[in-house]
Amino acid sequence: MSLQVENLTVYYQTLRGEVHSLEHANFNLGDGEIMGLAGESGCGKTTLGNSLIYLAPPMKFIEGQVALDGEELPVWDIERMNEFRFKKISIIPQYAMNAMNPTRKIGKMISELLQSRKINYKELLSVIKERLDKVKLPHDVLNMYPIELSGGMKQRIVMVLSTLLNPSLLIADEITSALDVSTQKSVAEMIVKFRDCGCMKSVIFITHDVSILYQIADSIMIMYAGQLSEKASKETIIHSPLHPYTKLLISSLPKVGVKHSEKKLTGIPGTPPLLLNPPVGCRFRDRCPLAFEKCLETPPFVEIEQGHFLACWKEGAPYA
Amino acid sequence: MGRYFRRKLLIYLLTFFVAVTLDWCIPRFMPGNPIDILISRAGLRGSAVQTMYDYYTRVFGLDQPIWKQYLNFWASLFKGDLGISIYLFPTPVSKVIAGAVPYDLFLLIPSTLLSWIIGNNFGAFAARSKQLDNTLLPFSYILSATPYMWLGIILAWAFCIVFRIFPLAGGYSFAMKPNLSFAFIGSLLSHWVLPFLSLFIVQLGGWAIGMRNMIIYELESDYSHYLKTLGSPNRLIRKYAFNNAILPQITGLALKLGEVVAGALATEVVFAYPGIGYLILQAIHNEDYFLLQGCFLFIIIGVLAANFIIDIVYLLVDPRMRAGMQGETA
Chain L
1 MSLQVENLTV YYQTLRGEVH SLEHANFNLG DGEIMGLAGE SGCGKTTLGN
51 SLIYLAPPMK FIEGQVALDG EELPVWDIER MNEFRFKKIS IIPQYAMNAM
101 NPTRKIGKMI SELLQSRKIN YKELLSVIKE RLDKVKLPHD VLNMYPIELS
151 GGMKQRIVMV LSTLLNPSLL IADEITSALD VSTQKSVAEM IVKFRDCGCM
201 KSVIFITHDV SILYQIADSI MIMYAGQLSE KASKETIIHS PLHPYTKLLI
251 SSLPKVGVKH SEKKLTGIPG TPPLLLNPPV GCRFRDRCPL AFEKCLETPP
301 FVEIEQGHFL ACWKEGAPYA
Chain E
1001 MGRYFRRKLL IYLLTFFVAV TLDWCIPRFM PGNPIDILIS RAGLRGSAVQ
1051 TMYDYYTRVF GLDQPIWKQY LNFWASLFKG DLGISIYLFP TPVSKVIAGA
1101 VPYDLFLLIP STLLSWIIGN NFGAFAARSK QLDNTLLPFS YILSATPYMW
1151 LGIILAWAFC IVFRIFPLAG GYSFAMKPNL SFAFIGSLLS HWVLPFLSLF
1201 IVQLGGWAIG MRNMIIYELE SDYSHYLKTL GSPNRLIRKY AFNNAILPQI
1251 TGLALKLGEV VAGALATEVV FAYPGIGYLI LQAIHNEDYF LLQGCFLFII
1301 IGVLAANFII DIVYLLVDPR MRAGMQGETA
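Residue numbers (my numbering), protein chains in the order written: chain L, 1 to 320; chain E, 1001 to 1330.
Just chain L, with the same shape it has in the complex (with noise of 0.2 angstroms):
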């Protein structure tokens, strides 16, 4: 197991109270395991990827653990997580199109970045031009400023900064979502190729795109206002999911062959539930066509077959 996440509990601190954006989040990612992490937007994706790397004000850690390698990692410290950022886990930010600073050469804001962190540019610039010749970008990129890229380009030097020293775990945050089809396409097998390649060892892919994960990943794990509600490998979620939630998600998709002028697309009515005071129990339970009485109380993460993991109380109970 690379990564282990037990309950990990993350709040947003707002003058109106405390959101709860990531509640008893517990999953595991294997070595070499891309994973989707997909869900509509304000469903705590991103704080879930934030809170493993860069957990600071206004977020706010309530409980959890988490293990990289065996090893734990100190989330609620922002000091003590520094040792571990970029050479253990890293991100591919949601803006990597801005990140990086426009008024220096983006060789030179490398190594000053690589020498703050105590480490040899020069021995590692050989590393760094294979990466850009894997991303297809020239080696003279070093000597250009980010303003004279373009935005994809941009957002491949940051995919090679963020991987340069082999990590563990990848978060990469709706690095695909600025992006049109075909472009999308090559940066999520840029993403297989460097996992392929050992630049780092699993990956964690947040998007609201599930088409996409279909073509990369290795797992699916679905959010739902703050809780995890189904996780199972690619092939489970797509052809036969469980959790209503994901079934619904899955329909809405369009498919091949069927003419949507006949067949209206349909979409799940409703909206989530402000997270502000979030209601007990099953938080889908007034989108749920299945809820039942026992949906008051927050259904269990659990494990139903092999590798597959299931919050909710109707279909879970035949495994039960």
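No lab work stands behind these hints, which were simulated from the structure alone.
Keep in mind that a hint or two might mislead.
When the alpha-carbon atoms are kept at most 25 angstroms apart in a straight line, the in silico SDA-like pairs for lysine to any residue are as follows [to be verified]:
| # | chain 1 | residue 1 | chain 2 | residue 2 |
| --- | --- | --- | --- | --- |
| 1 | E | 1228 | L | 120 |
| 2 | E | 1239 | L | 317 |
| 3 | E | 1228 | L | 80 |
| 4 | E | 1239 | L | 55 |
| 5 | L | 118 | E | 1239 |
| 6 | L | 154 | E | 1095 |
| 7 | E | 1130 | L | 82 |
| 8 | E | 1239 | E | 1117 |
| 9 | L | 88 | L | 134 |
| 10 | E | 1228 | L | 152 |
| 11 | L | 105 | E | 1079 |
| 12 | L | 105 | E | 1250 |
| 13 | L | 88 | L | 76 |
| 14 | L | 60 | E | 1134 |
| 15 | E | 1130 | L | 290 |
| 16 | E | 1239 | L | 165 |
| 17 | L | 234 | L | 290 |
| 18 | L | 87 | L | 193 |
| 19 | L | 122 | E | 1095 |
| 20 | E | 1095 | E | 1016 |
| 21 | E | 1079 | E | 1299 |
| 22 | L | 118 | L | 165 |
| 23 | E | 1239 | E | 1299 |
Label pairs and their in silico Cβ distance ranges [to be verified]:
| # | chain 1 | residue 1 | chain 2 | residue 2 | range |
| --- | --- | --- | --- | --- | --- |
| 24 | L | 62 | E | 1251 | 39 to 49 angstroms |
| 25 | E | 1102 | L | 151 | 51 to 61 angstroms |
| 26 | L | 16 | E | 1235 | 46 to 56 angstroms |
| 27 | E | 1316 | L | 270 | 53 to 63 angstroms |
| 28 | E | 1317 | L | 151 | 21 to 31 angstroms |
| 29 | E | 1109 | L | 209 | 51 to 61 angstroms |
| 30 | E | 1142 | L | 61 | 31 to 41 angstroms |
| 31 | E | 1235 | L | 151 | 24 to 34 angstroms |
| 32 | E | 1320 | L | 254 | 40 to 50 angstroms |
| 33 | L | 41 | E | 1220 | 19 to 29 angstroms |
| 34 | L | 61 | E | 1015 | 49 to 59 angstroms |
| 35 | E | 1317 | L | 267 | 48 to 58 angstroms |
Facing chain E, a subset of chain L residues (Cβ under 8 angstroms, in silico) [said to hold, decoys possible]:
| # | residue |
| --- | --- |
| 36 | 54 |
| 37 | 55 |
| 38 | 111 |
| 39 | 113 |
| 40 | 147 |
Predicted model, so just to flag it, every value in this text is computed and none were measured.
A virtual CB, placed ideally from N, CA and C, is assigned to each residue, including glycine.
With chain L fixed as given, assemble chain E onto it according to the hints.
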């Protein structure tokens, strides 16, 4: 590159033309007549008044039609002739200004540069910690909102009247004649301290606030955040933030330096400090067209030159400007 400078130069020339035209118009639109003041000061009576009036009007070229006066003005401007001061008749304007400019440079360059350097560092420092920010920032706001004149009067009252440490007025002791002795230089310095302080203190607050806001903005930017998630120490992040936040401050500094030749009117009036600001006030009092014109011309040239220099400095310090320029010529 060449095209960029040609276009800039054209814009500056146009601005210069319009500004100088306004400069010529404004004194002439003032009510009153400078010749009357000159005559009354001479205490003439009877027919001599009319004779002298005609003489002066001819000497200053005020008898000619207004369009001709305007053309004459441009013609003599290119010859470097700014006319003769009415108030200090018959000293040429250029000589009057040349006598005042050293005082301005001596007063304003140190106060502007020092307040800029200290204010920027102070603002960047305050942005680091909440406590500093909460205590020093309101103080800076009060400083920057203080009128120069009011602070000048307070300083003059405290140090000249109550404590009697510094002299109250003038550029040097009235009992002395300018010479190169230690006594005279000492007198210059002791007259310089209070105007300097009043300018320095007010400007310091403004620079500090500007820098503090820019630093906070930069520290919240995406690149700062990315560096933090990569575990970079605060030192590097602050360095980047400072380097980027200083850019708008450079523009501000250039504009301020351009105004240096304008003197600091309020401060110079309070301390009767013999710079350009003080001259402007005297020129207005005496309806001295030529002196007023000359002072404003100096300001116009100063502001334009500073702007032009800053255009070039920006090309050197901000790669984004360079890239934009290359795109333009390509």
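Outcome of the hint check:
A hinted pair counts as satisfied when its Cα atoms are at most 25 angstroms apart, and residue 1228/E with residue 120/L qualifies at roughly 19 angstroms. Between residue 1239/E and residue 317/L, the direct Cα distance comes to roughly 58 angstroms. Violation of the 25 angstroms bound is thereby established for this hinted pair. A distance of roughly 13 angstroms separates the Cα atoms of residue 1228/E and residue 80/L; the hinted pair therefore holds under the 25 angstroms criterion. For the given pair, residue 1239/E sits about 23 angstroms from residue 55/L by alpha-carbon distance, which is consistent with the 25 angstroms threshold.
About 17 angstroms separates the Cα atoms of residue 118/L and residue 1239/E, which keeps this hinted pair within 25 angstroms; it holds. This hinted pair does not check out: residue 154/L and residue 1095/E have alpha carbons roughly 59 angstroms apart, beyond 25 angstroms. For the given pair, residue 1130/E sits about 22 angstroms from residue 82/L by alpha-carbon distance, which is consistent with the 25 angstroms threshold. The hinted pair formed by residue 1239/E and residue 1117/E meets the criterion: a straight-line CA distance of about 16 angstroms does not exceed 25 angstroms.
Distance check on the hinted pair: residue 88/L and residue 134/L sit about 21 angstroms apart at the alpha-carbon level, within 25 angstroms; holds. For the hint linking residue 1228/E to residue 152/L, the alpha-carbon distance of about 22 angstroms falls within 25 angstroms, and the restraint holds. At most 25 angstroms may separate the alpha-carbon atoms for a hinted pair to count; residue 105/L and residue 1079/E exceed this at roughly 49 angstroms. In summary, the hint linking residue 105/L to residue 1250/E is supported, as the alpha carbons are separated by about 21 angstroms, within the 25 angstroms threshold.
Annotation: proposed proximity of residue 88/L to residue 76/L holds, straight-line Cα distance about 16 angstroms (limit 25 angstroms). About 24 angstroms separates the Cα atoms of residue 60/L and residue 1134/E, which keeps this hinted pair within 25 angstroms; it holds. Between residue 1130/E and residue 290/L the alpha-carbon distance is near 51 angstroms, which puts this suggested pair outside the 25 angstroms criterion. Only pairs whose Cα atoms come within 25 angstroms are accepted, and residue 1239/E paired with residue 165/L is accepted, the gap being roughly 24 angstroms.
Of the pairs offered as hints, the one joining residue 234/L and residue 290/L holds, with about 24 angstroms between alpha carbons and a cut-off of 25 angstroms not exceeded. Annotation: proposed proximity of residue 87/L to residue 193/L holds, straight-line Cα distance about 20 angstroms (limit 25 angstroms). A threshold of 25 angstroms between alpha carbons decides the hint, and for residue 122/L with residue 1095/E the separation of about 62 angstroms lies outside it, so the pair is violated. This hinted pair checks out: residue 1095/E and residue 1016/E have alpha carbons roughly 23 angstroms apart, not beyond 25 angstroms.
Of the pairs offered as hints, the one joining residue 1079/E and residue 1299/E holds, with about 19 angstroms between alpha carbons and a cut-off of 25 angstroms not exceeded. For a cut-off of 25 angstroms, the pair hint linking residue 118/L to residue 165/L stands: about 12 angstroms separates their Cα positions. Between residue 1239/E and residue 1299/E, the direct Cα distance comes to roughly 36 angstroms. Violation of the 25 angstroms bound is thereby established for this hinted pair. Range check, residue 62/L to residue 1251/E: Cβ separation about 46 angstroms, and the 39 to 49 angstroms hint holds.
In this structure the supplied range 51 to 61 angstroms holds for residue 1102/E paired with residue 151/L, their Cβ-Cβ distance being about 54 angstroms. Checking the proposed 46 to 56 angstroms range against residue 16/L and residue 1235/E shows it is violated: the Cβ atoms sit about 36 angstroms from each other. Between residue 1316/E and residue 270/L the Cβ separation comes to about 58 angstroms, which falls inside the hinted range of 53 to 63 angstroms. As the Cβ distance of residue 1317/E to residue 151/L is approximately 25 angstroms, the hint placing it in 21 to 31 angstroms holds.
Range check, residue 1109/E to residue 209/L: about 59 angstroms between beta-carbon atoms, so the 51 to 61 angstroms window is met. Look at residue 1142/E against residue 61/L: about 40 angstroms separates their beta carbons, and that is inside 31 to 41 angstroms. Look at residue 1235/E against residue 151/L: about 29 angstroms separates their beta carbons, and that is inside 24 to 34 angstroms. Taking 40 to 50 angstroms as the suggested C-beta distance range, the pair residue 1320/E and residue 254/L conforms, at roughly 42 angstroms.
Between residue 41/L and residue 1220/E the beta carbon distance is about 22 angstroms. The supplied range of 19 to 29 angstroms therefore holds. The beta-carbon spacing between residue 61/L and residue 1015/E, approximately 58 angstroms, falls within the hinted interval of 49 to 59 angstroms. For the hinted restraint 48 to 58 angstroms between residue 1317/E and residue 267/L, the CB-CB distance of approximately 52 angstroms keeps it satisfied. About 5 angstroms separates the beta-carbon of residue 54/L from the nearest beta-carbon of chain E, less than 8 angstroms, and the hint is met.
A distance limit of 8 angstroms between C-beta atoms decides the matter here; for residue 55/L the minimum to chain E is near 11 angstroms, and the interface restraint is violated. Because the smallest distance between the Cβ of residue 111/L and any Cβ of chain E comes to about 11 angstroms, over 8 angstroms, the interface hint for this residue is violated. A least Cβ separation of about 6 angstroms between residue 113/L and chain E falls short of the 8 angstroms threshold, and the interface hint therefore holds. Checking residue 147/L against chain E by beta carbon gives a least distance of about 5 angstroms; that is within 8 angstroms, so the hint holds.
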